[in-house]
Structures are given as C-alpha cells and as structure tokens.
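Spelled out from the first residue to the last, the chains are:
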Amino acid sequence: MGRERLERYDLAGPENRAAVEAGLAGATWFRSAVPRKRMKELMRRTDGPAIRDTAIWIGLMVVCAGAGIALWGTWWAVPFFLVYGVLYGSASDSRWHEAGHGTAFKTRWLDEAVYQLASFMMMRDPTTWRWSHTRHHTDTLIVGRDPEIQAMRPARLAKLLANFVGLVDVPLAFRTMAIHAAGRLTAEEADYVPESERPKVYRTARISLAVYAVTIAAAIGFGTWLPVVLIGGPRIYGTFMHIVYGLTQHAGMGENVLDHRLNTRTVRMCRVNRFLYWNMNFHVEHHMFPMVPYHRLPELHEEIKHDCAPVYPSLWAAYKEIVPAVLRQMKDQDHHVKRELLPGATPFHIPNELTDGRARPLAAAASDPTAA
Amino acid sequence: MTQWIAACETDDVDPEDVIPFEHAGNAYAVYRSPDDAFFATDGYCTHERELLCDGLVLGGTIECPKHNGRFDYTSGKALGAPVLVDVRTYATKVEDGTVYIEVP
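Sequences listed follow chains A and B, in order. Each residue of the first sequence is one higher than the last, beginning at 1 in full-length UniProt numbering. Each residue of the second sequence is one higher than the last, beginning at 1 in full-length UniProt numbering.
Possibly wrong hints are sitting among the right ones.
Heads up, incomplete: computed chain B residues facing chain A, CB under 8 Å, no partners named [said to hold, decoys possible]:
# : residue
1 : ARG49
2 : LEU51
3 : LEU56
4 : LYS66
5 : ASN68
6 : ALA81
Rather than coming from a laboratory, the hints here were simulated on the basis of the structure. This structure is a prediction, so every number in the text was calculated from the model and none was measured. Cβ coordinates follow ideal geometry from the N, Cα and C atoms, glycine included.
Excised from the complex, chain A in its bound form (with noise of 0.2 Å):
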C-alpha cells in the first residue's frame, strides 16, 4: 500500500495525466474577497525593508564568518560558524523564495541577484526550481503533479529527518548539477520546464559545479576544511531550520483539496523567526495571493483571518498536530489534517470523492472536482 501510494507523486507516472484528466490540475483554487484598492495597497512594491533585510543577512554572515575564520581552531569558531551556517543553510531558502516570486523588491535585478545568490547557497538550479515552485503554487498538493510535496504519505521518514542535516538534498543536488552540466534534465524536470529555458539550466550547473570544484581544491591545497565550512558546508550543518520551518507548511495536511485553507498552515512565529523566514509563517496568505511582498504578509493575515482556519499559535502547536499526523499517515494513507474554517468563513465547495483530503487514486473519482 504504501510503495504504490508514493509511486503516486511521481510527476512522469500515470497520476499526473489522471489530475489534469479528473480537472484537478490547474484548476479555481479559493480565495477571500479583498477590495480592489486594497489589494493595490498591499501588492505595491518597495525596495526598502528587502534592501535592510538584506543588509543585515550578508552583514551578519560577514561578521560572523570573519570571527570563525579569526578563532579558527578554538571552540569559540563554533557558535559564530552556528549563526554563519543557519544564515547561508537556513535563512536562504526564504531568500530564494521572495526573490523568486518577483516581489521582496521593487527593482527588478535586485531580486535576480538575490534569487541567483540564494540558488546557489540552496544548491538549487535557479531555472528548475523557479519553474518547480511555479507548479507548486498552480497545483499545491495535487497528487502527481506538485513537484515539492516535503511529507508524502506515506511520509519517507529516514529522508525527511537525514535532511535536518542535508544528508539527502546535498548529494541529490550534486547528482543533479552533473546531470544538468552533462546537458539533460530529469524526468521530472522535463515535465515542467520548457525547451527554451533548458541551456540556462545546463549552464548555471556548469558554472556552480566549477565554484565547488575549487572550493575543494583550495581546502586540499591548504590542508584545511575551511573552504569547505564557508561554501557549500553550511547546506549540511546549517540548514536544519529551512526544515523546521518548511515541514509546518503543508505536511499532514489534505491533498487534493483545491482550497489554501485546507491544505496550509499559518503560523505565528517570534522576530527571530520571521528574519529568517521572511515571514513565510503567513503560508495560507502567501498561497491565495502570491503578489503580496513578504513585508505586507501580516496586514494581509489581519484582512483574511476571519475567512480561514485558526492561525497555529506557535512553531510548538504546529508541530504537535504535524508529528502525530505523519506518524499516522505511515499507516493510514488515507488519514490528513482536517482544518475546520471559522464561522462565518466564505464556502468554497463542498468536499467530494476527489477533494476530500483523502487523495484516493482517481481512476475511482468522480469527473467534477468541485461537483458536491
């Protein structure tokens, strides 16, 4: 039961032609009723609080990467290469995601350089992945079609819990990089990148596989991992909060159900948090509208909250509805988070075989993914 589930999302298999057939695929996905003016309000772009952020992100890895170079050897290195890692591991998957999107800046190549900076720190293809992150937001949970579903079910544990330290990413990354700087993308891939975007990808792998090629041969050269713990290093030991964050996302939650509120979660978060996670704590808000710069996320939580489910208090709440939830679901593929919407909440559609949570195989569902 479950190898044949997890064969299920794989984007070159049967179940990604039978979504798009049962019209679950780039299909009306709910969103709340905001004002027109106000919309304009909260997409309208400004440079500035990207800009600080920014600053103080490459600051911080500057100063602390100067002070770990400067105790290197001592134990005191440790905790500065600890902020250092969760910065350049962590705090750049956020960065990826808002440059990604188009919208943490006003100007437009500010974005690109941050999105191209935060690629490369991720060990992401940034062509691939922004069209990967693309079908993400047109068919988020879709069963065979979204390419970055974190908590299948049943949930691959041994991998989710290896890449708190990059044990699986990293080294798929550098399978990846080859495959792409031999000329070829994956199966995957092929699904959901067009032709003309392809010699980006074959490039930039190229490029990226170089920078760490002498990032190796300078700690061989100099007899010290260095090199290694300033680049590329950090995706290792740094990166297991990209992780806590992610997994509170969507994992447990329902697939297939064509409603954000069903299948995201919003969670409060300190300061702290929100710095490194460019306020991606607002998930069910960035989902229904991916227009929105990050740093209008929390005045666009206090227009909709009224219309979704209740927002998770803490990163604690999350995750004691998530762990139990996956734990279950490595048993009971059928079982998901059931999110129940505040009174008053507008409807969207009444859940039915395809669109109940459940993601049964859709051979047996219905045609109409919105018919009650």
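For chain A, the structure is supplied; the task is to place chain B on it using the hints.
This is chain B only, laid out in the frame that chain A set:
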C-alpha cells in the same frame, strides 16, 4: 473584420491600473498607464488561465497574480519566465470619455 467596442469610461480605470472587460464571451484587460494612455490585451495570462485584471500594474507592465509573470501591456511582450508567450494586444481609442477597443 474588426469592430470598435465601447469597453469602459475613462474614469472607470485608475491611473496605473487595470480592469476586466468581456465581449462576446471573450475576456479582455483594459489598462490605464501612469501617463493616462489606454491599452488593451487578452484577459488571461498566456502561461495559465489566470485573469490579468487581478494583477498589479507597474508602470508599463502587468504582473500576473498567480505566478508573477510580467508582460509589457503596451506591446504584449512577455518579459520572462514563467511567461514565455506574448499576450495579444488590441488597439484602443478614447472618444468623449469612452474607451473603445478594436476587437475581431
């Protein structure tokens, strides 16, 4: 054979904004640029079926509300991933405060 269709009044669209317009079952987007010129395009993004009128006008560009793909709405040119196909544009004219678009 084309025809000029009254789409809206000039005051219906704020400067640097967009509104929807439907005619004969087709969706259009009508834009007012920051310097008060009017433009029109197909109503839907060429990447996925998403209404451009829900997006954000930034100077001479429209950004799709779903995936942030951008078009130059004055020429229809797609400005980068994920939009790779230009959006169709339509001629416009303003007469006595009414915006007309030329549709097939």
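How the hints compare with the structure:
no. : hint  : result
1   : ARG49 : 7 Å, holds
2   : LEU51 : 11 Å, violated
3   : LEU56 : 4 Å, holds
4   : LYS66 : 7 Å, holds
5   : ASN68 : 5 Å, holds
6   : ALA81 : 6 Å, holds
Checked against the numbered hints given earlier, the structure breaks only hint 2 and satisfies all the rest.
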